[in-house]
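Student: With the numbering used here applied, the sequence shown corresponds to residues 1 to 216, in that order.
These aren't lab readings, by the way, just hints derived from the structure by calculation.
Hints may be right or wrong, so weigh each one.
DEER-style ranges, computed between Cβ atoms [claimed, not checked]:
#1 Ala112 - Ala140: 39 to 49 Å
#2 Thr184 - Thr26: 14 to 24 Å
#3 Gly188 - Glu143: 28 to 38 Å
#4 Asn77 - Ala152: 15 to 25 Å
In this text, a Cβ means the ideal position worked out from N, Cα and C, and glycines have one as well.
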Amino acid sequence: MPGSMRDRILAAAVSVMRERGVAQTTTKEIARVAGVAEGSIYNHFADKAELVAASMTEVAGGIRDALTRLSQRVGRNSVEDNLAEFAEAQIVFFTDLLPITGPVLGDHDLRAWLRAGGPQTSSHGEPAPAPVLGHAAVIAYLEAERDVGRLAAWARPPYLAALLIGACRQYAFVRLLTPPETITEVAGLPADPAEYARDVAHTVMAGHHARRARPR
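Start from the sequences, fold in the hints, and give me the full structure.
Tutor: Here it is, written out as structure tokens:
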């Protein structure tokens, strides 16, 4: 496992948490996978809570890249295509994140620590991510598209962002717990995430184009 000891520990933690979930993850198992002494973990992380939060930050690396790409697409391609590409990345992100965050949300102390800010930086020295920051980045993209006339003046980017992100999170949740054929037969949704991403982006934009009433 390449990289610094901290990076190796973090990569091992993400791997173990994906496989076992937070509740069943132990520092002993993380150390074994990382190939380090268990005590070495505490040279880099204050406790397991900080390691969990740092792991969530690491998992968010892919979605940060997707958000950067989205911000660079203002005025390029179509808004629907840009949102579809982002939605596909968002589904991958939630598929990775939900197994980690599920137990975290049930832990009052850990949840409170994360709400208060958790770790200040990731292993790359970047601000720790939070759900609201990703939402804000999508809003910023949609506002920029509105400013250049590719969304209607009455469009409400916070709600368009919430619709897209929420739909991706729900799809990832269903996929984690449901066989592909059941997703199609019962929920009426495609089993292929790329197809779903295109469809959900089209649906969000169709709702935007269909609106005729004055904004409230």
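Student: Each hint needs a verdict: does it hold in this structure or not?
Tutor: Outcome of the hint check:
1. Ala112 - Ala140: 39 to 49 Å: Violated: the Cβ-Cβ distance is about 28 Å, outside 39 to 49 Å.
2. Thr184 - Thr26: 14 to 24 Å: Roughly 38 Å apart at Cβ, these two residues miss the hinted range, so it is violated.
3. Gly188 - Glu143: 28 to 38 Å: Since glycine 188 and glutamate 143 have Cβ atoms about 32 Å apart, the given range 28 to 38 Å holds.
4. Asn77 - Ala152: 15 to 25 Å: Holds: the Cβ-Cβ distance is about 18 Å, inside 15 to 25 Å.
Figure legend: structure checked against the earlier numbered hints; hints not met, in rising order: 1, 2.
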